[in-house]
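Engineer: Work the whole structure out from these sequences, hints included.
Spelled out, the chains give:
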Amino acid sequence: EAQVTQNPRYLITVTGKKLTVTCSQNMNHEYMSWYRQDPGLGLRQIYYSMNVEVTDKGDVPEGYKVSRKEKRNFPLILESPSPNQTSLYFCASSLKDNAIYEQYFGPGTRLTVT
Amino acid sequence: QKEVEQDPGPLSVPEGAIVSLNCTYSNSAFQYFMWYRQYSRKGPELLMYTYSSGNKEDGRFTAQVDKSSKYISLFIRDSQPSDSATYLCAKAGAQKLVFGQGTRLTINP
Chain G
1 EAQVTQNPRY LITVTGKKLT VTCSQNMNHE YMSWYRQDPG LGLRQIYYSM
51 NVEVTDKGDV PEGYKVSRKE KRNFPLILES PSPNQTSLYF CASSLKDNAI
101 YEQYFGPGTR LTVT
Chain P
1 QKEVEQDPGP LSVPEGAIVS LNCTYSNSAF QYFMWYRQYS RKGPELLMYT
51 YSSGNKEDGR FTAQVDKSSK YISLFIRDSQ PSDSATYLCA KAGAQKLVFG
101 QGTRLTINP
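From first to last, the protein sequence lines are chains G and P. Sequence positions in the first sequence follow our numbering and run 1 to 114. Sequence positions in the second sequence follow our numbering and run 1 to 109.
No lab work stands behind these hints, which were simulated from the structure alone. Quick caveat: nothing in here was measured; it's all calculated off a predicted structure. All C-beta atoms, glycine included, are put in the ideal place defined by N, C-alpha and C. Among the clues, some could well be false.
What the hints assert, rightly or not - Quick list of in silico lysine-lysine cross-link-like pairs, DSBU-like style, CA-CA up to 35 Å:
no.	chain 1	residue 1	chain 2	residue 2
1	P	K70	P	K56
2	G	K18	P	K56
3	G	K71	P	K2
4	G	K96	P	K67
5	G	K18	P	K2
6	G	K71	P	K42
To be verified - Simulated DEER-style distance windows between Cβ atoms:
no.	chain 1	residue 1	chain 2	residue 2	range
7	G	M27	P	S53	22 to 32 Å
8	P	S68	G	S80	45 to 55 Å
9	P	A17	G	P83	34 to 44 Å
10	P	K42	G	I12	18 to 28 Å
11	G	L95	P	G59	41 to 51 Å
12	G	G16	P	S26	32 to 42 Å
Structural biologist: See below:
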């Protein structure tokens, strides 16, 4: 089954404790992206990657890092999480960067930072 | 001004009604417009996308883009309780999707 998977689905952590949210897709997609979803603000892009070893900032990149060492994986790293990073996170992928209108989303990771 | 504006609702209608969901957008540089459906505790799911102006139909769903007025619409005919979800409009920008806030829709049996 074609899908985007994320782990963990739920995470509660404390301020400053480094964490990684994994994202993997099995569709051989080149383009991958991370979004956060907050009430009243909708979905906002954090980082994106057009292919292996090619990443760039989205609209809200502060406090986040990403890497793209393999085509299928695009982990999101929070090196020193803060309470304002409490949010619902989604990973997404599409075949290519010029086909982002057909983007597939993962199930989401609900992160709480206390 | 947000690039994509959407009334968050909530919107509640009886089963069988025709539902109209709307968004407005600024910055006409890009041509693709999308509608996503998001069930509670799930990721957004692509319903349909349209290119430039005009209509696109898929079963009970019709997406419409009016570039002259910068309006994006989704119509749902013969609405069902299973259509209850949050509907997100979006436009494809440079290397990203720009989303509206989402409209929470409830179809009452």
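Engineer: Compare the structure with the hints numbered earlier in the document and write down the numbers of the violated ones, lowest to highest.
Structural biologist: 2 and 11
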